[in-house]
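Take the sequences, apply the hints, and build the full model.
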Amino acid sequence: MRVAIVIPARYASTRLPGKPLADLAGKPMIAHVCERARAAPVADAVVVATDHEGIALAARAAGARALLTSPHHRSGTDRVAEAVERLEGEGEDFDVIVNLQGDEPLIEPALVAEVVEQLGDGVPMATLARSLRPEEAANPAVVKVAVDRRGRALFFSRAPIGGARDGGDAASFAHLGIYAFVRPFLTTFTQLGESPLERAEGLEQLRALEHGYPIAVGVCACESEGVDTPEDLERIRARLG
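Residue numbers (the working numbering): 47 to 287.
Just so you know, these hints were derived from the structure itself, not from any lab. Beta carbons are placed, not taken as given, at the ideal position from N, Cα and C, and that holds for glycine. Hints may be right or wrong, so weigh each one.
[Unchecked claim] Pairwise CB distance ranges (calculated):
1) Gly166 <-> Arg281: 30 to 40 angstroms
2) His118 <-> Gly64: 11 to 21 angstroms
3) Asp167 <-> Asp139: 19 to 29 angstroms
4) Ala187 <-> Leu243: 15 to 25 angstroms
5) Gln237 <-> Arg285: 31 to 41 angstroms
6) His118 <-> Val265: 26 to 36 angstroms
7) Glu280 <-> Gln237: 35 to 45 angstroms
8) Leu238 <-> Gly208: 23 to 33 angstroms
9) Arg61 <-> Gly168: 31 to 41 angstroms
10) Gly109 <-> Gly64: 18 to 28 angstroms
11) Pro117 <-> Gly248: 16 to 26 angstroms
12) Ala58 <-> Glu256: 24 to 34 angstroms
13) Ala284 <-> Leu114: 29 to 39 angstroms
14) His118 <-> Asp141: 25 to 35 angstroms
Here it is in structure tokens:
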């Protein structure tokens with residue numbers, strides 16, 4: 047089985063423009079993501095798909111391949127799909143595509159293998175989640191996911207999910223910015239087009255759920271967190287020293 051890790055990274059982030067090039071411990075954020083992706087035990091290829099030459103240069107300096115893609119993609123997975131089609135046009139062939147978000151500088155390399163392991167049993171798409179911290183429940187920058195008894199996603203939202211009437215903990219987890227697709231479903235996903243719930247929440251994974259496709263969710267004991275706001279950036283800078 048050949049696995050490609052494709053990192054979508056656009057320059058014009060809504061909350062934090064230029065985010066992939068933000069300095070973290072003396073290196074651009076995208077370099078941290080590339081280095082962790084390259085250390086993943088299942089990585090046959092690591093490619094950054096971006097609309098910005100500066101991001102491409104930083105990715106190449108970190109040892110990854112980089113492809114300049116259209117600036118008009120509405121989601122990271124659509125950008126990933128363009129990159130994969132171009133790789134295949136050059137003779138590459140992959141069974142699984144991992145979409146690793148370019149704002150996950152703390153992602154543990156082993157988690158890439160873990161998300162790939164969630165595929166199977168007719169599930170064409172998988173992702174990961176971790177325990178939701180109490181202070182994150184009302185934070186729209188932290189995406190929440192509710193999971194059924196089979197480990198499949200029920201819903202994703204920026205709002206709290208499943209708040210208990212008795213004041214107990216919400217029955218949800220914090221979603222991590224990583225997905226795995228069996229190769230044929232990546233094309234199916236992009237052909238579905240943007241869905242109403244996807245637009246409302248600004249969450250591309252809802253496209254699959256809204257069209258009836260299951261998403262496996264692996265709940266991991268990890269401390270990874272993405273960078274969506276200036277506050278996130280400062281917190282991760284402090285963690286990296």
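Enumerated hints in conflict with the structure, sorted upward | Structure breaks no hint.
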